[in-house]
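Visitor: Assemble the complex: chain H is given as a structure, and chain Y must be docked to it using the hints.
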Amino acid sequence: MAGVKKAANLKENQQTTKRAISVDLKVTIKNVVFANPVLLASGTYGLGEDFVSVINKAGGFVTKGITLAPSPGNPPPRIYELPGAILNSIGLENPGAFAFRKKIIPRLRFACPLIVNIAGFSVEDFVTLVKIIDCERVLGFEVNVSCPNVAKGGAAFGQDPKQVSQIIKGVRRTTKKLIITKLTANFVDPAETAKAAWDEGSDAISLINTLYGLAIDAKTGKYFLGGRVGGLSGPALKPFALFCVERVSRAVNIPIIGGGGITNATDVCEFLLAGASLVQIGSINLINPFTVLAILEDLEEYMRNNQIKTIKDLTASVNLIGRTRSNNDTTYLSG
Amino acid sequence: MEITQARLIRKIQLGPEIFAYTIESKTIAQKAQPGQFVQIRINDSFDPFLRRPFSIAQVWANTFQIVFRIRGKGTKILAQAKEEDYLDVLGPLGRPVPCYEEANIVMIGGGVGIAPLLFLAQKARPKNRLYLFFGARTRTELILQEDFKKLTKNIAVITEDGSTEKKGMVTDLLTTEELDRLKNPLVFACGPVAMLKALKRNFGFLSIYGFLEERLGCGTGLCFGCAVKKKNGGYLRICKDGPVVNLNEIEI
Numbered sequence: 001m002a003g004v005k006k007a008a009n010l011k012e013n014q015q016t017t018k019r020a021i022s023v024d025l026k027v028t029i030k031n032v033v034f035a036n037p038v039l040l041a042s043g044t045y046g047l048g049e050d051f052v053s054v055i056n057k058a059g060g061f062v063t064k065g066i067t068l069a070p071s072p073g074n075p076p077p078r079i080y081e082l083p084g085a086i087l088n089s090i091g092l093e094n095p096g097a098f099a100f101r102k103k104i105i106p107r108l109r110f111a112c113p114l115i116v117n118i119a120g121f122s123v124e125d126f127v128t129l130v131k132i133i134d135c136e137r138v139l140g141f142e143v144n145v146s147c148p149n150v151a152k153g154g155a156a157f158g159q160d161p162k163q164v165s166q167i168i169k170g171v172r173r174t175t176k177k178l179i180i181t182k183l184t185a186n187f188v189d190p191a192e193t194a195k196a197a198w199d200e201g202s203d204a205i206s207l208i209n210t211l212y213g214l215a216i217d218a219k220t221g222k223y224f225l226g227g228r229v230g231g232l233s234g235p236a237l238k239p240f241a242l243f244c245v246e247r248v249s250r251a252v253n254i255p256i257i258g259g260g261g262i263t264n265a266t267d268v269c270e271f272l273l274a275g276a277s278l279v280q281i282g283s284i285n286l287i288n289p290f291t292v293l294a295i296l297e298d299l300e301e302y303m304r305n306n307q308i309k310t311i312k313d314l315t316a317s318v319n320l321i322g323r324t325r326s327n328n329d330t331t332y333l334s335g
Numbered sequence: 001m002e003i004t005q006a007r008l009i010r011k012i013q014l015g016p017e018i019f020a021y022t023i024e025s026k027t028i029a030q031k032a033q034p035g036q037f038v039q040i041r042i043n044d045s046f047d048p049f050l051r052r053p054f055s056i057a058q059v060w061a062n063t064f065q066i067v068f069r070i071r072g073k074g075t076k077i078l079a080q081a082k083e084e085d086y087l088d089v090l091g092p093l094g095r096p097v098p099c100y101e102e103a104n105i106v107m108i109g110g111g112v113g114i115a116p117l118l119f120l121a122q123k124a125r126p127k128n129r130l131y132l133f134f135g136a137r138t139r140t141e142l143i144l145q146e147d148f149k150k151l152t153k154n155i156a157v158i159t160e161d162g163s164t165e166k167k168g169m170v171t172d173l174l175t176t177e178e179l180d181r182l183k184n185p186l187v188f189a190c191g192p193v194a195m196l197k198a199l200k201r202n203f204g205f206l207s208i209y210g211f212l213e214e215r216l217g218c219g220t221g222l223c224f225g226c227a228v229k230k231k232n233g234g235y236l237r238i239c240k241d242g243p244v245v246n247l248n249e250i251e252i
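Those sequence lines, one after another, are chains H and Y. Just so we're aligned: the first sequence equals residues 1 to 335 in full-length UniProt numbering. Just so we're aligned: the second sequence equals residues 1 to 252 in full-length UniProt numbering.
Incorrect hints may have been included.
[Stated by the list, open to error] Below, computed lysine to any residue pairings styled on SDA-like, alpha-carbon distance capped at 20 angstroms: (1) H/Lys-195 to H/Arg-247; (2) Y/Lys-231 to H/Arg-247; (3) H/Lys-103 to Y/Gly-234; (4) Y/Lys-149 to Y/Asp-161; (5) Y/Lys-230 to H/Gly-96; (6) Y/Lys-230 to H/Lys-195; (7) H/Lys-102 to H/Ile-133.
If you're looking for bench data, these hints aren't it; they were derived computationally from the structure.
The following block holds chain H by itself, in its conformation from the complex:
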């Protein structure tokens, strides 16, 4: 309730006092125009068939990970909950590349950029995935070298800069579309894998995916998750994600799509300030599928209050903003 009321009050303010300032949330990477910097993260918003009116407002939509063959996913339980975070082991449940291309893509009705998250189990898989899925409707690929809860491939690829190079080289040869490399921060310095991806022509980097996690039931002495290993996500990860985003943004000269525990507009600003050009929201979609709408409203308000005309001015400006804002303006940040 508080959030809704706050948003309503802010709207009033902006109409009375801040009307003159118009803000620009647009971010362009390669030839893809994102109307705002908030993307819906892979695996937290399905394949894009539901909540079309919400997806329309998002900066971009990233599909659930698509594998070459249909994948039934992992046995239940698939989610373990803890304060400030969840551990999931969905196991890339998806209809496979052919069914996705033939049956799902023609059904997608939203207008924002469609980015397809592809998850291969070999270098060749990634190339084949792009060949099958690429079509006019698809504006880019998020190359998933970071899924923690599949038996082979996944995060193991993302832990080896050489493997990342091979995969991105193959995908780059296959498509001229936007390539985003989704990196892991598990047991690897993502700055190294980011450089590898950049060298092979990746257009952007997204991170962090989930972190490895186990849940053990002491009562039964068994693993809690059906897939044993899970991926940890949620607000508890945010400081680590911010650290990684800042680190990687200083290592490469391509845009960073940051994420990890974002729940509101303040978090979005933090990621932009740390060096991200765009962000992804994930776990919060499970609690409130309309979150992106609230974030955009609050983000515009933040920009107006802080006299920031374009969202690009926020990126990697962590020290600059601190110096130029009055206390009065920043109170909203902690609200």
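Guide: For chain Y alone, coordinates are given in the frame of chain H:
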């Protein structure tokens, strides 16, 4: 489906650690159909992180009711809510139950699992004949009796501790002969997984629609976190393909 800040109009304690909340939401009251549920955010913090699902027990013009037993952290906090408090409610969610074309409807409830069967009974048509079989641990947990009595005379109850006339499990009330007599009834069951398993084992020749009252992820079909194994491979999403499913089509 929408998220609303809905006022808790009436809080009643139905039994030991069992509560009925009447919540104000015109949209949910008007849209909800039997079998559907709502997801309630327990508090503004991220502990508990996820919403908690609650079956809809009955609806009126502008209000609906949920019934829950305190089971863990989430329900314990929810039970602290007071009348006039606002609850963050997402719903209605899930696939409604199949329409009841059959004349005879058998409802089998275990414990607080009785609640969504009440909504189903209220939406039955006059031509439907309703039969309720209800089991609970003890007499004080035989909730919502008065509401069911308004809808049908065919009510059989049983308790595990024998604090009623009959002692045993709800499955002890059901016999193959009895179900045969009702000529292909439409059977709905809601209760503990052990109860659903026993029903499937004993009466597998019938299509029993079970309410899968499990922990969910998002509740909206987005996360694929609430999988239940299909008989012929693959998984169903409880929140989207259920929560009411033909027990013969899944492995439990």
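Visitor: So, against the hints stated earlier in the document, which numbers end up violated here?
Guide: 2, 4, 6
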